[in-house]
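Engineer: Residue strings, one per chain:
4 protein chains.
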Amino acid sequence: MSDSTTVRLEAFSDGVFAIAITLLVLEIKVPSASDLSQVSGLWHALAERWPSYVGFVASFFIVGVMWANHHALFEYIRRVDRRMLLANLFLLMGVSFLPYPTAVLAQNLANPATRTDATVFYGVTLVFTALTYNVVWWLGRYGQARLEPHVHETGLRMITRRYNMTLLGSLVATGFAFVNIWLSLVMHLSLYVLSARSEPLKERD
Amino acid sequence: MSDSTTVRLEAFSDGVFAIAITLLVLEIKVPSASDLSQVSGLWHALAERWPSYVGFVASFFIVGVMWANHHALFEYIRRVDRRMLLANLFLLMGVSFLPYPTAVLAQNLANPATRTDATVFYGVTLVFTALTYNVVWWLGRYGQARLEPHVHETGLRMITRRYNMTLLGSLVATGFAFVNIWLSLVMHLSLYVLSARSEPLKERD
Amino acid sequence: MSDSTTVRLEAFSDGVFAIAITLLVLEIKVPSASDLSQVSGLWHALAERWPSYVGFVASFFIVGVMWANHHALFEYIRRVDRRMLLANLFLLMGVSFLPYPTAVLAQNLANPATRTDATVFYGVTLVFTALTYNVVWWLGRYGQARLEPHVHETGLRMITRRYNMTLLGSLVATGFAFVNIWLSLVMHLSLYVLSARSEPLKERD
Amino acid sequence: MSDSTTVRLEAFSDGVFAIAITLLVLEIKVPSASDLSQVSGLWHALAERWPSYVGFVASFFIVGVMWANHHALFEYIRRVDRRMLLANLFLLMGVSFLPYPTAVLAQNLANPATRTDATVFYGVTLVFTALTYNVVWWLGRYGQARLEPHVHETGLRMITRRYNMTLLGSLVATGFAFVNIWLSLVMHLSLYVLSARSEPLKERD
Chain U
0 MSDSTTVRLE AFSDGVFAIA ITLLVLEIKV PSASDLSQVS GLWHALAERW PSYVGFVASF
60 FIVGVMWANH HALFEYIRRV DRRMLLANLF LLMGVSFLPY PTAVLAQNLA NPATRTDATV
120 FYGVTLVFTA LTYNVVWWLG RYGQARLEPH VHETGLRMIT RRYNMTLLGS LVATGFAFVN
180 IWLSLVMHLS LYVLSARSEP LKERD
Chain X
0 MSDSTTVRLE AFSDGVFAIA ITLLVLEIKV PSASDLSQVS GLWHALAERW PSYVGFVASF
60 FIVGVMWANH HALFEYIRRV DRRMLLANLF LLMGVSFLPY PTAVLAQNLA NPATRTDATV
120 FYGVTLVFTA LTYNVVWWLG RYGQARLEPH VHETGLRMIT RRYNMTLLGS LVATGFAFVN
180 IWLSLVMHLS LYVLSARSEP LKERD
Chain A
0 MSDSTTVRLE AFSDGVFAIA ITLLVLEIKV PSASDLSQVS GLWHALAERW PSYVGFVASF
60 FIVGVMWANH HALFEYIRRV DRRMLLANLF LLMGVSFLPY PTAVLAQNLA NPATRTDATV
120 FYGVTLVFTA LTYNVVWWLG RYGQARLEPH VHETGLRMIT RRYNMTLLGS LVATGFAFVN
180 IWLSLVMHLS LYVLSARSEP LKERD
Chain Y
0 MSDSTTVRLE AFSDGVFAIA ITLLVLEIKV PSASDLSQVS GLWHALAERW PSYVGFVASF
60 FIVGVMWANH HALFEYIRRV DRRMLLANLF LLMGVSFLPY PTAVLAQNLA NPATRTDATV
120 FYGVTLVFTA LTYNVVWWLG RYGQARLEPH VHETGLRMIT RRYNMTLLGS LVATGFAFVN
180 IWLSLVMHLS LYVLSARSEP LKERD
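Residue numbers (numbering that gives the first Met the number 0), protein chains in the order written: chain U, 0 to 204; chain X, 0 to 204; chain A, 0 to 204; chain Y, 0 to 204.
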C-alpha cells in the first residue's frame, strides 16, 4: 500500500531512531576505581549517577514516543518528494542530536549553578524537534507529497492540532526551566505521555 | 499475515537489540602503553581483561536469546495498540540499558569488595527485563492487542509459564549473588539456555 | 520489482548510513567540570564547542543527501553482482569513515595553524566518496549488473553528469581549502544541496 | 520464498554486521592538541595514525565480505531452527567482537615487541568466525533446518569446500604471524578477496 520510497525512508528513519535511543546508555559513565575509593561502596557510587539515569529514562521515553509518532505520521503519507526527505532529515538531525543535550543535562543536573541552562538547552532541542514534526506534517498535508487516500478530514485536523500543541507545550516547558527545572522536565515528559496516549494507531486490514 | 504495525515495531525492536548487542564490545578497553609496561607482554595485559570477556559473552548470549524470544513472542501477536507500544518501549529500555550493568560487572568482577553489589545490579536489570516480557505478553493475551488466530490454548499456557519461570528464576538468581556470584551468573545464563531450548519456533507455510 | 539481492544490499547500506549519521553526535564532547571553571557559565562552555556543531550539521546533511542519492541510484539497478557489492563496500567505507575527518575538522577549525589541513583531509574523504558513487553507477550502467527496464537514456545521462559534477566539484572545493576554508566548506555543502534538489525521485505505481 | 523466520534472522544479522562495521571508525583516535605540539603539523599527526587506518580498512573489508557471505549462505537456507539461531548468535558474537582485536592490532602494529601477539589475537578471532560459518552451514546442510529446494549438490559441495578452505587458511595465516605479521595480514585479506570473488550470487527471478 505504501510507496517503496516511503518504505525505505521509514527504514532509514527507524534505524536512526533505534541507534539514537540505544546510544543514550553510552553517556552513563561506569564508576572508576578512584570514584569507588571516595565513597562507601559501589551502591553509593552508582547512586551518585542519578542524574544520568534521569536523563537516560527521560530521553529514552521521549525518543520512543517520537518514534511511535513518526510511525503514525507516515501511516498517512503515501509518497514523499525531495522536500519532505530534507524536512525528515532535519527531524532526524534533532533526534540524533538528543544524546548530547541529555549528557549535558545529566552532567549538570546536580549543579545548582548550571542546571537551569542545561535544562533550557535540553528544551530547545525538543522545541527544534517538535518544529520539524510540524514541517514534515505540513508538507504531507499541503505539499507535493501525497497522503494516503480515504483519510478523514477530522483525523487530519486532530493530528495538526496535536503537533501544534506539542510545539507550543515544548516552548512553554522550556520557559518554565527558569522557574523550576523539575517542573520543566515533568512538563516535557507529560507532553509525550499525552501524545503517546491521544492517538490510536490507524488500523489496517 | 502480520499487521504492518507489527512489522515496523519488530523492525525498530530488532534495531535496538542489534545495536545493544553490538555496543557491548565498546566496553572492553584496549590495553594502553602504560598497561603494557606494568605486565610482561600483551597476552598478560589481554588476560587481565578477563572480566570484560565474561561480561561480553554473558550479555551477548542473554541479549541474543532475548531477541529470539521477542521474535517468537511477536509471532503470536497480530496487532499492537499504544499500550503495548509503551510496554515494548520499557522492554527495550531494559535491553539497551544492559551494556551499563555489564560494564559495571566487568569493572568489579575481580574486586572482592564490590563484586557482590555489581552482580546484584546486573541481576536487577535482568529481573526488570523479565518483568517487561511478562507485561508485553500479558497485554498480548488479555489486552486490546489481538493474537494471531489459530493459536492453541496449550501453546499460550506454555509461554505464560515460561515467562513466569524466567521472572521467578531471575529473582532467585539475583538473590544468590549474596551467596556466590559465580553461582548467580551461571543461574542467570542457565535460564536463557533453557529458554532458548524450550520453545520450538512456530512454523509457517 | 527489485531483486531480493538488491533488497538486502539496500538494507545493509541503509544500516551503515543510519549508524554513521547517528554516530556523529558522539564526537561532540560534553563540557567537563574543569571546562566550566575556566569560562563564565555553561552557555559559554557550550558556545566554545561551535566547531563541533558546524561539523555535526555539515556531515549530517552530507551523509543524509548521500543516503538519498544511494537510494535513488538503486532505484535504477535491478540486480547486483559481486563486483558491485565490492564497489558498494568501498562507498560505505567512505561514508562510515566520515565521522573521523569530521572530528578532526571540529578539533582544528578554531586553530589557524591546522585548520587548512583539516579541511583538506575532510575534502579528500568527500572526493573518495564521490569517486565510489561514480564507480558504482558505472558498474550499474556498463557492467554485469543490470538496470531496471524502461529507463530512459536521457535519465541515465543526467545521472552520469550529476555524479561527474559532484566528483569534479569536490576536487575543486578541496583545492579551495588552501584559499579559504569557509569557502571550501560552503562549496562542499552546496554540491549536496544542488544534488538533493536536482533529481526528482523516480515515481512508481 | 524465504520463511518469515529467516527474514527476521537476516534482518537482525544485517543490523549486527552494519553496526560492527560502522563502529570500527570509533577506534581511530583524533589527534589531540598535545599530540599536535609534539609533531610538525596535522599531517604528521594524522600520518602517525597509520596503524589505525590499516586496521580500519582490513576489518572493514573483512566484515563486508563476511556480510556478503552470510547473505549468500542464507539464500540457500529455507527455515531455521533454534539450534541454528544459536550457531548464528556465536557467528555474530565473533563479528561484533572484531572491533576489539582490530583496536588491539592498531595500538600495537608499530611496536615490534607486541605486534606479533596482537596479530595472533586478531587471527584467532578470524579463526573463530570461520569456524562458526562452518557450523551454521553444517547445520543448514545436515541439521533440522531445511535448505531451499532446487539446490544442486555441486553448489552445496562448492560452498562446503570454500568454508573449509577459509577456516584452514585462517589457521595457517594466524600461524604465519610468528614468521612475519605483514605476510599474515595479507594472507587473511587474500582469503576474503578470494571468497568474495569465487561465488556468484544465486540469481532469482
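If you're looking for bench data, these hints aren't it; they were derived computationally from the structure.
Hints are not guaranteed to be accurate.
As the list claims (entries may be wrong) - Which residues of chain Y face chain A? A few of them, derived with a C-beta cut under 7 Å, are:
id, residue
1, T21
2, I27
3, V38
4, W42
5, F59
6, G63
7, E152
8, G174
9, V178
Note that the structure is predicted; figures quoted are calculated from it, not measured.
Ideal Cβ placement from N, Cα and C applies to all residues, glycine included.
Engineer: Determine for every hint whether it applies to the structure shown.
Structural biologist: Evaluation of the provided hints:
1. T21: 4 Å, holds
2. I27: 5 Å, holds
3. V38: 11 Å, violated
4. W42: 6 Å, holds
5. F59: 5 Å, holds
6. G63: 4 Å, holds
7. E152: Nearest chain A Cβ about 23 Å off; hint violated.
8. G174: Where the cut-off is 7 Å and the nearest Cβ of chain A is about 28 Å from G174/Y, the hint is violated.
9. V178: 29 Å, violated
In summary, the numbered hints that this structure violates are 3, 7, 8, 9.
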